[in-house]
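*Asks:* Chain residues, written in single-letter form:
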Amino acid sequence: MSLLLETKGLTRIYGGLRAVDGVDYTLAKGEIHALIGPNGAGKSTFVGMVSGRIPASEGEVWFEGQNITALPAHTRIRQGMAYTFQITAIYARLSLFDNVALALGRQDRTDVLGALDRVGLADRAMQTAGDLAYGHQRLLEIAMGVAQAPRLLILDEPTQGLAESEIEGFNTLIRSLAGDTTILLIEHNMQVVMALADEITVLDAGKILARGTPQDIHANADVQNAYLGTG
Amino acid sequence: MTVDTRSVLLHLGLIALLIVLGLVLPTYHQGNLARILVLATYAIGFNVLFGYTGLLSLGHAMFFAAGMYGCGLAMHLGGWPVLSALGAGIIAAAVLSLIVALLALRTIGVAFMIVTLMFAQAFFLTALYLGEWTGGDEGFVIAQASRQIAGFALTDPLTRFFAALAVFSVALLITARMMHLPFGRVLIGVRENEERTRMLGYDTFRHKLLAVIISGTISGGAGAAYAVLFGYVGATFASVQYSIFPLLWVLLGGMGTTIGPLIGVAFMFYLIDYASGLTNAYLLIVGAALVLLTLFARAGIVGEIRKRWVPWLP
Amino acid sequence: MDFGPHLLLAILEGAVGAAVLALTALGLSLVFGVMRVVNVAHGEFFMLGAVVAWFIASPIAGHPAIGFVAALALAPLVAGAIAVVVDRFVLKEVEYDPEATIVGTIGVLYIIQQSALMIYGPEARPVEPPFNHRIALPWFEWGETGLEFYYPWGLSTTSYKLFVIVAAIGILLAFWVIMSRTRLGLIMRATQLDRETALAFGIPVQRVYSIVFGFGAALAALAAVLIVPIQQAHYLMGHDPLLLSFIVVIIGGLGSVRGTVVAALLIGMSDGIISVFLSPTLSKILATLLVALVLVFRPQGLYGKKMA
Ligand SMILES: Nc1ncnc2c1ncn2[C@@H]1O[C@H](COP(=O)(O)OP(=O)(O)O)[C@@H](O)[C@H]1O
Ligand SMILES: [Mg+2]
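Chains as they are written, first to last, in my numbering: chain F, 371 to 601; chain H, 938 to 1251; chain D, 24 to 331.
I should point out that these hints are in silico values taken from the structure, not numbers from a laboratory.
There's no promise every hint is true.
[Unchecked claim] Only part of the chain D face toward chain H is listed, based on derived beta-carbon distances under 8 Å:
| no. | residue |
| --- | --- |
| 1 | PRO28 |
| 2 | HIS29 |
| 3 | VAL117 |
| 4 | ALA123 |
| 5 | ILE125 |
| 6 | VAL126 |
| 7 | TYR133 |
| 8 | GLN137 |
| 9 | LEU266 |
| 10 | ILE273 |
| 11 | LEU318 |
| 12 | VAL319 |
| 13 | PRO322 |
| 14 | GLN323 |
These numbers come from a predicted model, not from an experiment.
Heads up, the beta-carbon is just placed ideally off N, CA and C, and yes, glycines get one too.
Required output: the full structure, derived from the provided sequences and hints.
*Replies:* Here you go:
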């Protein structure tokens, strides 16, 4: 299978701290890949460098066979990435419609409502986004990512703050994208990870600790002891 | 009716109303309204940056004055005809806003406000320093005879009114249209959450750069028109006060609304006109208005109307 | 006059300007450092100091020193009290939002300035200095008999100008002692470092803000009382000190006391010296452009923090 994304020795240094430390990573097209690890492991920083939001201190990022390390974030997004923030970052004072229209890059009514419908928010299109309950704001954020029809969708802890029933809907949505869209998912909820991921990478203290299928990771004693269930 | 048609009707209706006012008002108010329309054009330019893009410049007087001096000096010293002089003023403002944007946009927030303030101050002092050409504080008067386009004397009150209205209408329609286009929507995105907008794949720097240039150029166009229509050019128009005025007008009328700038200018114009009849300390009104707006009505007149009654107002 | 004596004169004039500027800018810097807001009305508190000094000193008969000392004690209190009112009714209400504070204090600027115009009027009026002796200054030259001293014509200063310099140094030292050695200073520094933690430790942050804002205004007023016997009080006199204080605070590094003092010396002296040789307008143009470029390319200034 061909690679969509590759990082070589990707590193981010904050002061003396190597938040991400020489990570070599590959992601195959069409895969749903989960990135897990304890708080502060460097997951958000890693995907931040992939998307260009955070500049890398060292190392390279390759996307579809092209070295994109020097490209600014907006160019990377234009080339087919979408990024959802760990801390909800919607346009709180704009309507849901305007939020999604900005993500789409056009104000096509059908497309906007279609994107909202995928997370069950179409009937609230004219509400102000900041008035939504927290869980719904997360869903809007996901809808904005999906609306961009990216080749690589990066989701940073998307299910945080979602109710059980909403998580069910989220899983369905992600499965419906699988195949066309490659998904890099940071997730603490192990049920979601086990239900969705084709493969899992465990990050710890900025380094890759283990990588494998959900079964492998589940069986891996190190990971088991140290990290699973700590989410 | 869609929002689009309503918005078109609103703007064309406003222009029609102004035409009627121009025809029926007595000469004194006709002259006032002409001045209001040109200053409202300046406010519209400021609003593009402050109201829609969320960047607060405290130095917009330099763009207004660049247009004014560019046009005024071309006529006064160069003997250029009105239309080419207007062009010179607009180009001067566009070039200045490009340079200022490239430097000032490296900063954000309070630093951006102070950098623009400082650049404008340097511009103002330069206008004083070059008093030999600019006339410094006293400024200069543009010869009446030269203030005409194709035989129409801009010194005639009615002609001047319609010329002012034409300038205003162009700025109004351009910005109203722009805010419907994706470009304008992205500016609003930058205002609401720049980081989010960048991570949706928009080159936010380029958008802000264009916003400063569009804003500065419209402001400069207003300055050039002011020089031609009222025949006077002076350093006062480059002073801090003329950077604060558009902020006041836009806050009062409603930031991020298309018709707010006009409402704000008209309101303030007549308020100051009234107050200056009572006391020489009429700028007290300006101070009180700024404080009260900051405290109680940050949305301004049109903004409050939009919030309460007419949510579709553009 | 020859170049040497001329330069000495310029340095002396510059030192008086620098001394007053250091006090004014320190007030602005303190407010920015602790409260993270820019007080655009700062120059008006300077003007208030001078105008109030005139109101206090002019009706007092007898030796001019009595009126001056009364002004020195009271004018900063008046300016400080007005600033506390502004803090309560404007800054607190907008929750110290940086941009809203700027717009609000621009409004306050006009209110104070125009009120002064109504009450005090458009005239410029002097306050009599408490003492004012002309002091001729010697200059030296290599003559036939070695080093020769003489008194060039026009090279002189006054005892009052020297007093301004000494007084400013004294006030700066007192300020430093307050900030580093007293409980009030400790509380201010704690609030400056971290507002949330200060709150958690039971520091009444709101009250500290009021005190700091009043204190900052009082420093500007104090500087104005010192300069008013030399410069005269006028309702528009706040404009230049505001601009120069901005310049100083930005070059020195926001919120850094050391940077502010160093930059005030630098700017005040060079303003004094340059304007002897260049036109004052040209030197102001260069200074404002310099500040804009410092903010663009080195936002942390000489010392201190970035302005966001
Ligand atoms: N802007 C920053 N400045 C300094 N340290 C940071 C910054 N962002 C993250 N860090 C540090 O880098 C490490 C990794 O953070 P992060 O990538 O957010 O971890 P995760 O997403 O896995 O919880 C943490 O120790 C965090 O404190
Ligand atoms: Mg994280």
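*Asks:* The structure should be examined with respect to each hint, and the outcome stated for every one.
*Replies:* Evaluation of the provided hints:
Using the Cβ-Cβ criterion of 8 Å, the hint placing D:PRO28 at the interface with chain H is not satisfied: the shortest such distance is roughly 28 Å. Given the 8 Å rule on beta carbons, the hint for D:HIS29 is violated: about 23 Å separates it from the nearest Cβ of chain H. For the restraint placing D:VAL117 at the interface with chain H, the shortest Cβ-Cβ distance is roughly 6 Å, inside the 8 Å limit, so the hint holds. Annotation: interface hint on D:ALA123 holds; nearest CB of chain H at approximately 5 Å, less than 8 Å.
Because the beta carbon of D:ILE125 sits about 6 Å from the nearest beta carbon in chain H, less than 8 Å, this interface hint is met. With a cut of 8 Å, the hint placing D:VAL126 at the interface with chain H holds, because the nearest CB-to-CB distance is about 5 Å. Interface hint at D:TYR133: satisfied, since its Cβ lies 3 Å from the closest Cβ of chain H, which is below the 8 Å cut-off. With a cut of 8 Å, the hint placing D:GLN137 at the interface with chain H holds, because the nearest CB-to-CB distance is about 4 Å.
Because the beta carbon of D:LEU266 sits about 7 Å from the nearest beta carbon in chain H, less than 8 Å, this interface hint is met. With its C-beta approaching chain H no nearer than about 7 Å, D:ILE273 sits inside the 8 Å limit, and its interface hint holds. Annotation: D:LEU318 was flagged as interfacial toward chain H, and the flag holds, the nearest CB pair being 5 Å apart, inside 8 Å. With 8 Å as the threshold, the beta carbon of D:VAL319 comes within range of chain H, its nearest partner Cβ sitting at about 5 Å, so the hint holds.
Restraint check, D:PRO322 versus chain H: the minimum CB separation of about 6 Å is within 8 Å; hint holds. Proximity of D:GLN323 to chain H is violated relative to the hint, the smallest CB-CB distance being about 11 Å (cut-off 8 Å).
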